[in-house]
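2 protein chains.
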Amino acid sequence: MHFSKDRINTLDSRTRAHFINSLSGFKSANLIGTQDVQGHTNLSIVSSVFHLGANPALVGMIIRPHCVPRHTFENILQTGFYTINQVNQAIYSQAHQTSARYDKQQSEFDMTGLTTEYLDDFKAPFVKQSQLKYSVKLVEHQHLAVNGTELVIGEIIDVYVDENAVKADGFIDLHAIDTVAISGLDSYHTTTQLARLPYAKK
Amino acid sequence: MHFSKDRINTLDSRTRAHFINSLSGFKSANLIGTQDVQGHTNLSIVSSVFHLGANPALVGMIIRPHCVPRHTFENILQTGFYTINQVNQAIYSQAHQTSARYDKQQSEFDMTGLTTEYLDDFKAPFVKQSQLKYSVKLVEHQHLAVNGTELVIGEIIDVYVDENAVKADGFIDLHAIDTVAISGLDSYHTTTQLARLPYAKK
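These protein sequence lines are chains P and U, in that order. Using this note's numbering, the first residue of the first sequence is number 1, and each one after it goes up by one. Using this note's numbering, the first residue of the second sequence is number 1, and each one after it goes up by one.
Bound conformation, chain P alone (with noise of 0.2 Å):
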């Protein structure tokens, strides 16, 4: 089946939103935890974190400024920092919820029942239901001229697993914490691990 550049014109906007967001493959599910200089707490769901690189250890994430998460922008702008926390299956319902347009006095922990966490007096909030979470100082954002979105880049400061998750070689083992994927814009999935492949040689 063919989908030309022209014939995705055609869609209507919410038919071709959620058609372009299926074609990237399955996407992180992460709540970003922030807070303003008052003290006010933000919570959003974020498909759009990514791995930049191991050493410095920094996370990148895309960021719609005009759209929600507007404050989860605002409030890193102010302060700097943010906590990432993996969406797990026990929560994703409550996670997805964080996606409403609630105002700016409403903190979607409140409004969703999640819990905040506070650790290592860290200046914003973590998810205290996330088992695999970690501490995140803004390193630099970039705007992206190309449609209005912004690159948040972090340097990951702390983080926070569940011992039995983490393997002798370092690699964590996402299903074990039941830690959950995204399709396209509302798809929510567990995993079964097919095989950890070796380092590939010619």
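Incorrect hints may have been included.
Same chains, same label: a pair holds when it works inside one copy or across any pair of copies.
Simulated crosslink set (BS3-like; lysine-lysine; CA at most 27 Å straight-line) [said to hold, decoys possible]:
#1 K123 to K167
#2 K167 to K128
#3 K123 to K5
#4 K104 to K5
#5 K202 to K128
Calculated from the structure, these hints are not laboratory results. In this text, all values refer to a predicted model and were calculated from it rather than measured experimentally.
On the provided structure of chain P, position chain U as indicated by the hints.
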């Protein structure tokens, strides 16, 4: 279990790479098809492809220019075109093998037994065995000085997908076409859908 920045810094580089690569969650599994101006083909697995926007239809990826897939980046700069091919369960071992450091004269298609396919006169090869693939035109690339990686942004042109996988609302059922997800550096996963959730309202 708490891994502080100092503790992470004591990990040897391979352990650290496994650990940090696990933090972002599940990643997409895609093969990038390119060729140089002489028509020599190249294929490389990339786990950093991400959705950038639906209108215009844009896809991003992070490339490490000094590592595999260096030839991929060179070919994209030379020709301005590439293909993105989702990796499915039947070909994930071959897809992983494309990460070996083959010489420029060796095509990963030949080395791994994956099959080139040319569609609608597009000037880069597709992977015949992939069930969701699309042609991409380079829009821009940005050097990320923070760690020497390249952000490559492309426009999605023509999409080829199994008809049965495309739902009435535009959503593509990646489970139906056996698309896999990656975690860490080397772990491959099939998925089971938990649910599609309705648009979140406050």
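Structure-based check of each hint:
no. : hint         : in the structure
1   : K123 to K167 : neither (29 Å within a copy, 43 Å between copies)
2   : K167 to K128 : within (23 Å within a copy, 36 Å between copies)
3   : K123 to K5   : between (45 Å within a copy, 16 Å between copies)
4   : K104 to K5   : neither (38 Å within a copy, 32 Å between copies)
5   : K202 to K128 : between (45 Å within a copy, 22 Å between copies)
Hints 1, 4, counting from the list given before, are not met by this structure.
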